[in-house]
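Produce the entire structure from the sequences given, and follow the hints as far as they go.
In case you want the letters, here they are:
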Amino acid sequence: MLPNARSEFLAGCRDITPVLVGTVPFGFVAGVAAVGAGMTPLEAIALSLFAFSGIAQLVVAQLVAAQSPALLTLAAALVVSLRFLMYSAALSPHLAHLPRRWRIALAYLMTDQGFAMGTHHYSQPGDRRLRHWHLLGVGVTLFTVWQASVIAGAVAGAQVPAAWSLDFVVTLTFLTLLVPALRTRADLAAAVVAGAVALAVSGLPYRLSLVVASMAGIGAGVLAERAHRR
Amino acid sequence: MNEWVVIVGAGVVTFLTRASFIVFADPHKFPHAFRVALAFVPAAVLAAIVVPGLAMPQGALDLTPANPRLLAGLAAAVVAMKVRNPLGSIAAGMVALWGLQALAG
Numbered sequence: 069m070l071p072n073a074r075s076e077f078l079a080g081c082r083d084i085t086p087v088l089v090g091t092v093p094f095g096f097v098a099g100v101a102a103v104g105a106g107m108t109p110l111e112a113i114a115l116s117l118f119a120f121s122g123i124a125q126l127v128v129a130q131l132v133a134a135q136s137p138a139l140l141t142l143a144a145a146l147v148v149s150l151r152f153l154m155y156s157a158a159l160s161p162h163l164a165h166l167p168r169r170w171r172i173a174l175a176y177l178m179t180d181q182g183f184a185m186g187t188h189h190y191s192q193p194g195d196r197r198l199r200h201w202h203l204l205g206v207g208v209t210l211f212t213v214w215q216a217s218v219i220a221g222a223v224a225g226a227q228v229p230a231a232w233s234l235d236f237v238v239t240l241t242f243l244t245l246l247v248p249a250l251r252t253r254a255d256l257a258a259a260v261v262a263g264a265v266a267l268a269v270s271g272l273p274y275r276l277s278l279v280v281a282s283m284a285g286i287g288a289g290v291l292a293e294r295a296h297r298r
Numbered sequence: 099m100n101e102w103v104v105i106v107g108a109g110v111v112t113f114l115t116r117a118s119f120i121v122f123a124d125p126h127k128f129p130h131a132f133r134v135a136l137a138f139v140p141a142a143v144l145a146a147i148v149v150p151g152l153a154m155p156q157g158a159l160d161l162t163p164a165n166p167r168l169l170a171g172l173a174a175a176v177v178a179m180k181v182r183n184p185l186g187s188i189a190a191g192m193v194a195l196w197g198l199q200a201l202a203g
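These protein sequences, in sequence, are chains A and B.
If you count the first sequence from 1, you need to add 68 to reach this note's numbering.
If you count the second sequence from 1, you need to add 98 to reach this note's numbering.
Hints listed in this document are in silico derivations from the structure and should not be mistaken for laboratory results.
Part of the chain B face toward chain A, derived, beta carbon under 10 Å:
no.: 1; residue: 104
no.: 2; residue: 112
no.: 3; residue: 118
no.: 4; residue: 121
no.: 5; residue: 126
no.: 6; residue: 134
no.: 7; residue: 137
no.: 8; residue: 142
no.: 9; residue: 144
no.: 10; residue: 146
no.: 11; residue: 171
no.: 12; residue: 185
no.: 13; residue: 187
Chain B regions said to be covered by chain A (calculated; three or more residues, Cβ under 8 Å):
no.: 14; region: 151–162
no.: 15; region: 175–183
no.: 16; region: 188–199
We put the CB at the ideal spot given by N, CA and C, even for glycine.
Structure, rendered in structure tokens:
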């Protein structure tokens with residue numbers, strides 16, 4: 069059967085379903101965190117619609133709670149969003165033929181999980197011309213479920229018992245992305261150094277440890293790759 | 099007021115990083131060194147988020163078996179290495195955490 073737009077879109081919606089088990093509690097936690105930081109539910113939902121990024125929303129909530137300056141908060145949001153640069157560079161050859169409004173929509177809807185699913189789907193053999201519909205199906209499904217979960221969290225506020233440890237879903241979500249990202253020794257060097265530095269400088273204010281650790285990890289990866297080439 | 103600056107600003111920052119190469123630029127026009135560095139961004143940023151989440155759950159370093167998040171995270175990582183499906187490793191991590199917390203009473 070020749071793939072058509074509708075079947076690609078629906079396949080995208082279906083393929084991303086297993087991921088939603090992490091999306092729902094993560095979104096809920098992000099909603100709770102924003103309200104807990106002193107935002108109104110409306111502000112929490114607006115943040116989620118503008119940023120549509122769990123980790124960026126959590127970092128913003130933490131820094132708003134710490135009453136840090138707006139510029140520093142946005143710098144931290146930028147650092148956790150740096151990985152989107154890499155995703156964007158990797159996906160751009162597949163999307164270069166699309167009209168601008170398609171590329172803007174798919175860029176806005178891009179997430180860690182959506183990127184992982186998209187690169188896997190584009191790597192499959194066969195006709196690739198309509199695969200952006202698959203990406204759209206993945207993005208729309210994640211977007212809808214994410215926003216609904218954030219709204220539920222923002223409205224429920226801090227009524228969830230702490231003993232449920234729902235916040236651990238956030239760490240686990242990024243762990244499931246980290247493991248497949250470690251393909252080479254240089255990747256491993258980047259991760260080990262970033263992790264160690266994050267622990268060593270955790271005392272820095274305004275979550276600067278995240279910035280410092282990420283940069284150290286990237287540097288370690290580059291050096292490891294150079295040493296390997298020689 | 100300050101909240102809305104941050105809310106809209108976070109939207110701008112996340113959109114511009116996502117749209118960077120898909121909408122605005124051709125990655126091949128950037129220096130090779132930049133693209134090499136870019137390749138290590140996910141491993142570095144994700145580890146900088148995950149490692150403190152496992153090793154210092156209460157804000158202080160705890161690498162002992164008494165830290166349930168460390169053990170639960172290791173269990174989830176083992177599952178993630180075996181199966182591609184994130185459902186499996188997230189479920190394994192949460193079940194391990196709840197189990198360890200129940201054991202610790």
